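K.L.:
Going down the list, the sequences are from chains R and V. FYI, in our numbering the residues of the first sequence are 1 to 393. FYI, in our numbering the residues of the second sequence are 1 to 393.
Rather than coming from a laboratory, the hints here were simulated on the basis of the structure. Note that this is a predicted model, so its numbers are computed, not measured. Heads up, a few of these hints could be off.
Since copy identity is lost for identical chains, a pair holds within one copy or between any two.
Each computed DSSO-like pair below joins lysine-lysine, with the alpha-carbon atoms no more than 27 Å apart [what the hints assert, rightly or not]: (1) 6 - 271; (2) 271 - 192; (3) 271 - 52; (4) 48 - 192; (5) 280 - 314; (6) 280 - 52; (7) 18 - 280; (8) 21 - 48; (9) 44 - 280; (10) 271 - 48; (11) 314 - 48.
If you want the building blocks of each chain, they are given just below.
Number of protein chains: 2
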Amino acid sequence: MGLNGKPLVSIIGAGMSKFGKHDGLLGREIFGLAATEAFSRCPKLDPKQDVKAMFIGHMGESYEHQGHMGATIADWIGLRGVAATRVEAACGSSGAALRTGIYAVLSGLSDVVIVGGVEKMTHRTTAEVTEYLAMAADYPFEQFHGITFPGLFAMMATAHMNAYGTTEQHLAKIASKNHHHGALNPKAHMQKEVPVETVMGSKYVAWPLKLYDCSLISDGASCIILTKPELAAKYTDQPVHIVGSGQATDAIGLYERDSLTSLQSTKLASKAAYEMANIKPEQVNLAEVHDCFTIAELIAYEDLGFCALGEGGKLVDSGATSLGGAIPVNTSGGLKSKGHPVGATGTAQAYEMYLQLTDQADKRQVKDAKVGLTHNIGGSGATAAVHIYRRDQ
Amino acid sequence: MGLNGKPLVSIIGAGMSKFGKHDGLLGREIFGLAATEAFSRCPKLDPKQDVKAMFIGHMGESYEHQGHMGATIADWIGLRGVAATRVEAACGSSGAALRTGIYAVLSGLSDVVIVGGVEKMTHRTTAEVTEYLAMAADYPFEQFHGITFPGLFAMMATAHMNAYGTTEQHLAKIASKNHHHGALNPKAHMQKEVPVETVMGSKYVAWPLKLYDCSLISDGASCIILTKPELAAKYTDQPVHIVGSGQATDAIGLYERDSLTSLQSTKLASKAAYEMANIKPEQVNLAEVHDCFTIAELIAYEDLGFCALGEGGKLVDSGATSLGGAIPVNTSGGLKSKGHPVGATGTAQAYEMYLQLTDQADKRQVKDAKVGLTHNIGGSGATAAVHIYRRDQ
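The task is simple: from the sequences and hints, build the whole structure.
P.N.:
Structural data, given as structure tokens:
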């Protein structure tokens with residue numbers, strides 16, 4: 001079941017709020033924007049009747065002083081009664097929610113399932129957000145000593161520079177590329193071009209990472225509707241199938257990892273997903289990868305097999321991961337330009353795949369895209385979820 | 001699959017830390033105690049090789065300033081690499097984790113799955129714990145106005161007293177019964193008899209609920225190991241099968257519910273579980289129900305069909321729910337006496353079923369118990385998870 005490229009589940013609708021600032025709205029209301037779009041894209045669905053379970057990726061109850069987000073959102077979007085569960089794996093929360101939703105559909109207990117994610121962050125100060133995000137790192141061995149995420153990813157960047165000759169310029173090119181893509185996405189938080197020189201001239205946050213190497217603090221929500229492949233035709237003429245799924249962990253603390261320049265979680269998760277989809281990395285036409293910092297995207301190129309270990313910098317230089325290249329990465333703008341409302345990021349990546357594989361990505365459409373991949377990580381990479389998508393023909 | 005009383009999944013091992021105060025231990029270490037016991041009860045399992053997924057119920061990242069508890073625990077118990085996800089549904093977190101684990105086994109993607117839960121609470125002040133727990137209630141319409149959980153359940157109690165003539169004495173009898181049971185459980189937080197008079201003489205927390213109507217603030221962890229029924233014999237001679245599972249939601253805010261004296265979530269979840277197990281409430285031999293406050297246990301009797309609506313008080317008076325009665329409830333001591341480390345409660349209920357249905361419950365063993373039920377709720381009942389268990393013969 002689901003092996004050898006056969007669909008595990010099919011996406012029959014998807015929705016996403018604009019990412020950015022949503023002053024005065026609660027997280028549940030922002031999720032409502034995403035759900036409304038998803039329902040409108042799937043008019044044959046009777047949500048109240050058909051939806052059997054919901055999994056909501058939500059990273060931090062501190063932002064809104066609101067836990068129990070599964071039931072809260074089910075209630076708000078008119079689905080009171082349905083089994084609804086919050087799933088948390090730090091910034092990988094909705095990637096893990098997607099995995100959980102796939103389990104639920106395959107189980108035979110839930111024919112139609114909503115998976116999504118939400119975060120409301122911009123009403124908090126940067127210091128508060130930094131503290132809440134830090135909870136995804138190891139408390140006794142990382143947080144306690146004052147290390148926050150820019151510092152953790154900066155250590156990975158310096159290790160990569162030392163091992164492979166990667167440069168700040170390589171990282172700046174990734175930032176600039178993702179801003180170029182995001183400028184074409186009307187739902188992106190920061191829709192503007194950012195030249196490489198601007199990235200290089202921005203102030204250091206944690207050397208070698210500068211302001212423009214970091215993703216954005218955003219409000220936003222996203223969701224997709226899943227069903228069994230054999231039921232998809234009942235709901236839509238344009239299903240997008242998920243043909244591979246992998247989730248895995250690495251050590252929570254960076255200091256315990258075998259490597260600082262590679263994530264074991266990404267390698268294990270992508271290996272499982274590729275095997276299930278029965279494809280090789282070179283068959284992927286486009287990908288959304290977790291660029292919380294530019295170095296994370298570069299490392300993902302290597303761990304996902306888009307290039308050899310240590311060759312991420314060369315891949316950037318080649319232009320292959322830009323729109324028009326051999327494997328465009330983060331056509332949505334990525335976390336860098338589209339924004340990173342942490343709980344919403346995983347299913348926002350799936351939303352971009354839905355648009356691209358149904359030819360609805362407008363100015364950033366990848367021509368003849370058949371196979372896509374999403375890669376969502378939590379914390380400094382202790383969690384990774386990788387999914388592979390394909391269209392019908 | 002799984003219908004008509006056929007096993008959905010089988011429990012092949014279970015573990016629980018003592019509930020109480022674990023000064024100086026982190027949550028992950030307390031979970032390690034539970035996992036070690038579960039592994040020792042299933043010596044044929046090779047955890048590193050066999051376990052494919054973990055779902056960890058964990059309610060509050062604030063207690064230990066630690067989110068990302070799935071990966072944190074996988075790492076700590078030696079299962080780095082495995083797909084591990086935190087599941088949160090307030091005090092129903094590990095009931096929801098159990099449901100999620102069932103999906104994962106039934107999906108065919110994960111033959112052996114660990115589901116569990118953990119909370120470390122006692123190092124915090126009562127004011128801090130009250131605040132963190134309150135996040136499970138509706139922020140804008142409940143928390144904001146200063147309502148905390150004793151107040152919410154007190155409103156349910158007064159409504160029930162008004163509608164059905166339930167008395168404080170009825171509630172006190174539930175407290176005393178659960179303390180009697182807990183006095184027989186060496187892992188309970190408060191192993192002492194508490195006479196009805198002591199309950200009645202304790203100070204009011206929120207009228208009509210008194211100190212001894214409230215469950216305990218505890219540290220603790222619990223877990224169970226699930227597999228496919230057809231694989232159970234490979235691991236154990238004494239599997240306990242889960243034959244029914246239901247999860248559902250009610251409105252997050254009490255003010256929006258159709259009734260204050262009944263939980264729609266419990267009714268929907270138990271209806272689904274009974275149908276799946278193909279049994280009626282009167283066929284249940286024992287149950288663990290969510291007695292965060294004594295009124296919650298009384299309402300559960302009615303919503304689960306152990307008696308008619310409004311007859312909960314009479315059921316208490318009859319002694320049917322005490323050890324030796326027709327349907328002993330909370331033989332473990334319940335949340336009231338065993339303790340309530342919130343994220344751990346759902347799978348601690350499953351742990352009690354595992355002991356009872358394998359004749360390992362010692363002084364509190366229910367004779368000839370064949371069928372058991374667990375009922376775990378989140379918040380004031382916006383989430384409920386109900387599971388039904390039976391032994392092989």
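K.L.:
Hints first: check each against the structure and report whether it holds.
P.N.:
We went through each hint and held it up to the structure:
1. Taking CA atoms no more than 27 Å apart as the test, residue 6 paired with residue 271 passes inside one copy only; the shortest distance there is 17 Å, against 35 Å between copies.
2. For a Cα distance limit of 27 Å, the shortest separation of residue 271 from residue 192 qualifies neither inside one copy, at 35 Å, nor across copies, at 53 Å.
3. Taking identical chains as interchangeable, the C-alpha atoms of residue 271 and residue 52 lie at most 27 Å apart only when they sit on different chains, with a minimum of 15 Å there against 30 Å within one chain.
4. Taking the shortest Cα distances, residue 48 and residue 192 never come within 27 Å of each other, neither inside one copy (40 Å) nor across copies (47 Å).
5. Only within a single protomer do residue 280 and residue 314 lie at most 27 Å apart by alpha-carbon distance; the minimum there is 20 Å, versus 66 Å between protomers.
6. Taking the shortest Cα distances, residue 280 and residue 52 sit within 27 Å of each other only across copies (23 Å), while inside one copy they are farther apart (34 Å).
7. For the homomeric pair residue 18 and residue 280, neither the shortest alpha-carbon distance inside one copy (33 Å) nor that between copies (48 Å) is at most 27 Å.
8. When the C-alpha separation of residue 21 and residue 48 is checked against a cutoff of 27 Å, the pair qualifies neither within a copy, at 30 Å, nor between copies, at 44 Å.
9. For the homomeric pair residue 44 and residue 280, neither the shortest alpha-carbon distance inside one copy (35 Å) nor that between copies (36 Å) is at most 27 Å.
10. In the homo-oligomer, the alpha carbons of residue 271 and residue 48 lie at most 27 Å apart only across protomers (18 Å), although the nearest pairing inside one protomer, at 37 Å, exceeds that limit.
11. Taking identical chains as interchangeable, the C-alpha atoms of residue 314 and residue 48 are never at most 27 Å apart, the minima being 50 Å within one chain and 37 Å between chains.
Hint compliance for this structure: hints 2, 4, 7, 8, 9 and 11 are broken, all remaining hints hold.
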